[in-house]
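Chains as they are written, first to last, in the working numbering: chain C, 41 to 207; chain D, 528 to 1323; chain B, 198 to 476.
To be clear, the hints were calculated from the coordinates, so they are not data collected in a lab.
Careful, some of the hints might be misleading.
Only pairs whose alpha carbons sit at most 25 angstroms apart, straight line, appear in this in silico DMTMM-like list of lysine to aspartate or glutamate [as the list claims (entries may be wrong)]: (1) C/K157 <-> C/E169; (2) C/K70 <-> D/E657; (3) D/K981 <-> B/E473; (4) D/K981 <-> C/E166.
DEER-style ranges, computed between Cβ atoms [said to hold, decoys possible]: (5) D/G977 <-> C/E166: 46 to 56 angstroms; (6) D/T690 <-> B/A445: 45 to 55 angstroms; (7) D/A1023 <-> C/Q156: 37 to 47 angstroms; (8) D/R560 <-> C/E166: 48 to 58 angstroms; (9) D/Q1315 <-> B/A445: 21 to 31 angstroms; (10) D/R1115 <-> C/D108: 55 to 65 angstroms; (11) D/L567 <-> C/S111: 24 to 34 angstroms.
Treat the numbers as computed from the prediction; the structure is a model and nothing was measured.
Every residue gets a Cβ at the ideal spot worked out from N, C-alpha and C, and that includes glycine.
Here is what each chain is made of, one letter per residue.
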Amino acid sequence: MPQVTLTVNGKTSTVEVEGRTLLVELLREKLRLTGTHVGCDTSQCGACVVHMNGESVKACTTLALQADGASITTIEGLAKADGTLHPMQEAFREYHALQCGFCTPGMVMSAIDLVQKHPEGLSEKEIREGLEGNLCRCTGYHNIVKAIDAAQAVMHGKAASIAPATV
Amino acid sequence: MPSPPPPPPLPGSPIGRALPRREDRRLLLGRGRFHDDLELPGDTLHAVFLRSPHAHARIGAIDSTAARALPGVIAVLTGAEINALVAPLKIAPPIPGHLPVETPAMPAETARLVGDPVALVLAERRSIAEDAAELITIAWEALPAIASVAQASAPGAALVDPTVPGNRVARQRVATPGLDAAFARAERILEIPFAQQRQTHAPIEPRGCLAIWDVGREHLTLHVGTQAPHPYRTALAARLGLREWQATVIAPDMGGGFGQKIIPAREDLCCAAAARLLGRPVRWREGRSENLAASLHAREESIAARVGFGGDGRLVALDVTITVDSGGWCLFPADYIARMICIIIPGATRLREYGYTTEIWLTNKCPSGPMRAPMAMAAWVTEGILDEVARVLGLDPLEVRRRNMIAQTDLPWVSAAGQRYEAITPRATLDAVAEAIGYDAIRAQQRAGGTTGKLLGLGLCTVIESNTYGSAFYRAAGIPGSGHEAVAVRVEPSGAVLASCGLMGSGQGYETTLAQTTAAGLGCRPDDVLVQLGHTDIAPYGMGSRGARGATAGGGGLYIAGLRLQAKMLQIAAVLLGRNSADGLVLREGRVLAATGGGFTDAGIGIPEIARTAHLDPLRLPAGMMPGLHEIYAYDPPDLTFTDSAHAALVEIDPESGAIALLRYVAAENAGQAINPIIVEGQGHGAISLGLSGALMEHLAYDEDGQLLAGSFMDYALARAGDIPPLQLMHMNIPDPRTPAGIKGMSEGGTMGAAGALMNAVNDALAQSGVRLDKPPATPARIWAALQGGAGLRRT
Amino acid sequence: MIVRPATLEAALALRAAGPARPLAGGTDIYPAQAAAAAWMRPSNERLLDLTGIAGLDRIEADAEGWRIGACVTWSALRAAPLPAAFDGLRAAAGTIGGVQVQNRGTVLGNLCNASPAADGAPPLFSLDAGIEIAGPQGIRRLPLPDFLLGNRRTALAPDELAIAIRIPQPAAAARSAFRKLGARSHLVISIAMVAVLAELRDGHVTRACLAVGACGPVAQRLPAAEAALIGAPIAMAPALIAPAHLAALAPLDDLRASAEYRRHAALILLRRALAEALA
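Modelling step: build the complete structure from the supplied sequences, incorporating the hints.
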C-alpha cells in the first residue's frame, strides 16, 4: 500500500492509504480527527473544508496521495494548547453563529482563509460571496456573517478582542 | 389535563438572559460527536443498501450469489428475510376517510419509488459492501409509474398500493354550517390556486446509525440521531418484537433534523434486525444522494381556494380543497399535515364561515412527512388570498389586512377552524413590520414607477404559528399520542444539578436553554446544571422534539420541577439555619437568601450544604421528608400555544431575464417569554431562511416516469449566504399567561412567513404585468415563464 | 487505483499501458464517483494523477501567445497578471464552485470533463483557444471546437494527454466579459452562460467573438452575430444581437427551465455581456 507523509496540525504522520483514499477519509479514519465532516459527497456543502498549504480546500475532493508532503490544518488545530479559541471560533460562539454545529468546522476553516486572503477587510456582501462554498441549513448565515466581520477586526489587529454581540 | 401555570420567574432569573451556548465549545473545537464520529467496535459490519432504480417495479428473483461470494461479505438480506424479523408499520388512525395502510421495513414484492431499499449488504468494510451490492442482480418487472396526482387520480390508473383503491388514501370534509349561505350573500367570489413544490429537509448531516446487539443480555443499543428518543424506542422495540427494556436508544450530536429524524427509518430497522440476527454491530451511513432520494420528502401540496368577500375587502366565506402528493408509503397518518394546514388557514382573520376538504394521494415517489413548519403553506394561502382580494378591488393590501384582522379586544378568539387564540398581538406585529420596511414609501415608489425597467414587489405575511401541542390537542384531533413531557431534576451531594427529559436537540441549544429554565426554577446558576438529553435510559419517558414544543413542554416542565426542588431545599435550609419555617427564604444563584426588611441578605449557606444534608445526613431532615434531592415531574401544556409574527419582503424582478433579487427582509414576532434571546433570534433567522430557500430555489422534481431529477446538491439548490439578505428581526414578546414562565414555542413561524412574504412579493411585482405565479420556486426561469403567460402559471 | 508519475514521459507510458483517466484537481472526478457509488456504480477505473509532473502548473507567455498548463487552477488563473482580454475568463473562474473548488480545480480539467455547462468553455471559445496534446507521436494541437466533441466526449485518444491550453495573443485593445444564469449564481448547473470578446476602434466594433455555453452539448460561437456586429457603434451594438443569431443553439428543455427560456436567457446575457465589454 502506498504511504503518505503529511503534517497535520503541526504533527507529522506517515500513513498507509489505498490509492483512492480521500484526504477526508485519511483525517477522519486514520488520524481520527473527526471534526472535518462529510455532508454531501459531491463537493457542494463545504463541511469538509481544511487548509492545505495555507489554502482552503474540500477534503472530500482531495486525494490523500495528493496531500503527500503537505501541511494540513483542520478545525482541531485552531485553538491554542491552553484551550484558548482562535478569534474566528470565539466570534462564532459570541455571535451564535452555529446551531447544530455540523457545517461549523468547514465554515470556520473557510472563513479564516477568506479573512486571511483579504487583509484590506471584507464588506458584509463580500463575506457572503466568500462563503459560496459552504452550506448551512440552520442559521440563515446572518450570525455567521456577523461573526466573521467581528473576527476580521481581531485577525487584522484592528481590535484586541471580539466585539460583544448585542441582541 | 393541561397543568396550571406555576408562579412567574423572579426578576434577575436566568430566564431571558442571552447566555452563550454551552454546546458551542466542543462543536467549535471539532470535538462534537456525531453518528459518523462514533468509535466503532472492532467487529462492526458495514451496511449498504441496494435501492430500486425503478419508480414502480415488481421485485423478481434476487440473485446475490456473486455478492455473497465476495471476500468480506457476511450477509445479504432481502425483503423477505428482513420482514421475517421486523413487523410492518401499520398506520390506521381513527380518522374518518383514512384507509389503513402498511409499510414493510423493506419491500419484498414491489418497489414503489426510485431509491426504495430492496437488499441490505453487510460486509467487513463499506467499500466491500458497495462492490457486493453492485453484483446483486434482480429480475425487475417494471410497472406503470404514478408520478403525479393527475396520474394517480386518472381512471384506471395503476395502483401504488393494491389495498388503496384509486390511489386516494385519505379524504375528509369539514365545514361550518353557514358556509353555503355565506357564499350566497358574498358580493364577490374569487377562485385562487396555490401550490407548493416537493422539498426536503436536507440536514447537512445525512442519516445513519450504529446498532449493537448484546448477545448475552439480549439487548439492543441503537446509536441514532433522533429528535424523539423514547417514542423511537417504543416503535423500534415493537417492530423488532422486543420488550421495551431490551432496547436503548442513544442520540449522539445531531447535524440538523428539521423533522426528518423523528421515527425509526426503514434502514435503521433493517440494521437493528441485522445486528440481532448476526450478533455483530452494524453501522450504516447514508450518502447525500440516498438522503435526497429516499429519506423523507415534504410539502408537495396544492390548494384550490374559493373565497367570498364584500366590496370593502372583508372575507365572508372561504372553502379550500387541499390535494397532497404524498409518495409511495405512509410513514405518518396521511392527512395530518393537510389538516393542520387547513386548521391554520383562517389565521388572524375574522373569517367566520369556512370549509375544507383534504385529499391525500399515493404516488411512486419518496414518502413525505413533517418538515419544519409542516403547516407552512397555510400562511401564504391566507395572505395570498387577501392580496388577490385587494388587487381585484383596487384596495391597498395592508388596509385589507387591517380590515380583516382580529383586534386585541376580540381575544380570546375562536377561529373559524375552532382554534382558540389567546396572548397574541397580530396588529402590533403587522404595524411594526409595515413601519420598519417603509411600507408607504415603497408603495409611493411603485406608483411613481422606476427608470431601471425592474419590477419592485413588496410582500406581507402575518403568521399564526401553532406550537407546543399539549395532550388536549391530540385528543381533539383524534390522533393517538400525548403532548406532555416528563422531566427529571437531581441535585447531587456536591450541589451539582442534573436535568434530563425526552427532548433531543439538533441545533436548538437545549443544553443551554433547559439549563436556564431548570436554574430559574431551582434558584441556581445555569452553569451548575448539566442537561442530559438523547438517552432513553437516563431521561424519563418523554415525547421528544417536534412541533416547536421543546421550550414550553420541556423547558416549562424543568422550571416547575426546579421550583418543587427549591421548595424542598428551602425547608432543609430552614432546619440548617435554625428557623421555624422556610418563609422568607429564597434560593438565588445557589445561595440561600433571607428576606430582611425590603431586601435579601445571604443566609450563609447554599445548595452544597443543603444537598450534603439531604443525601448524607438525612436524619437532620424535617420529619417525614424523603432523603435525597430528586424530582420527576410531568408537565402537560395547553392544547396549543400560538406565536404570531408579521413578515415583509422586498424583491426586485428583472423582467427581461426573470432574475429576482431579495432586497430586504423584516419580521416582528411575539413569541412569549424568550428563555434566551440570542437563541430565539437565531431560530428566527434559521426558520426564515429555510422558508426563503424553499420559495426561491428548492425543488425535488421528478419526471413523468417517476425518476428523480435532483439527486445531489448540484440539482437540489439550497440557499447560500449570498442568496439571503441581512434579516431584520423585531422581538415584541409578551409572556403567555397560560404557560410556565410565559414560554411559547417559536422557530416554525419564520418558515411560514418567509414562504408567504416572498411569494406575495413576487406576485406584487408580477401583478404590474398582469400575471401571477401560483407555485414556488420563484426561479428566474419560472418567473420569466409567468411573465410570458407560460404553462401552469395563471393570469388572474 | 491511482498512479502519480513525475514526468510527462512516464505519464504517457502509463496512458499507453492501459486505460487510465487523467486527474488533476479532482473536483469533477470525485463528486461523479461518489454520486455513482451511491447508486451502486462504484468506479474502479485507474486514475493518472498529473499533479506530480513539474511545470504543468505554469501560465506562460511566448511569441505565439499564452500557454496555460494542465495543472493551473482557477485560483492561479484569477491571480495571474493577464491582459483585459482575459477578464471574461477570469470572471468565469470566480463563479466556479466556490473558492475551495477554485483552489483545486483546473482550467484544462474543466474542458476535459466536457460538461455542456463547463464554465471555462465559452470564454475560451471567445479567445480562440486551442488544446496542446501530448501523445506517442509527439505534440499536436487542436482548436477547442475540434477538441470538444459532445457531452462528456473529447478528441483525446486513450494514449494521449491534454497538457496545456494555447491562446493566441489577443489584441491589446480587446475587452471581454462573462455572464451566467442559474437558480443562483454559483454551484448549480447553469441555465445559460455567455462570453464576449470585442475590439473597438473610434467607437465602433471591429471584431466580436461571442460564445454560449449550457445551451447544447458543447459551447459554441455565434458567427452570424459576430458578423452583424462589425462596424456597429458601441451604443447600438448590443441590440444588434438578434434571436435569429441563436438559431443553432440546442438547449435542454426540462423542469428547471424550458428550452425557450434558456435561448432567451442566452440572448439577454449576450447583450449585457457585450455592453459590459464595450463599456
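Taking the hints in turn, this is what the structure says about them:
The suggested pairing of C/K157 with C/E169 holds, with an alpha-carbon distance near 14 angstroms, which does not exceed 25 angstroms. With a C-alpha separation of about 20 angstroms, the suggested pairing of C/K70 with D/E657 holds against the 25 angstroms cut-off. A threshold of 25 angstroms between alpha carbons decides the hint, and for D/K981 with B/E473 the separation of about 19 angstroms falls inside it, so the pair holds. This hinted pair checks out: D/K981 and C/E166 have alpha carbons roughly 24 angstroms apart, not beyond 25 angstroms.
A beta carbon spacing of about 27 angstroms between D/G977 and C/E166 contradicts the range 46 to 56 angstroms that was offered as a hint. The supplied range of 45 to 55 angstroms is met by D/T690 and B/A445, whose beta-carbon atoms lie about 54 angstroms from each other. For the pair D/A1023 and C/Q156, the beta carbons lie near 42 angstroms from each other, so the given range of 37 to 47 angstroms is met. Judged by the Cβ atoms, the range 48 to 58 angstroms given for D/R560 and C/E166 is violated: they are separated by roughly 34 angstroms.
Checked against the hint of 21 to 31 angstroms, the C-beta distance between D/Q1315 and B/A445 comes to roughly 23 angstroms, which is consistent with it. Taken as a hint, the range 55 to 65 angstroms holds for the pair D/R1115 and C/D108, whose Cβ atoms sit roughly 60 angstroms apart. At roughly 29 angstroms, the beta-carbon separation of D/L567 and C/S111 lies within the given 24 to 34 angstroms, and the hint holds.
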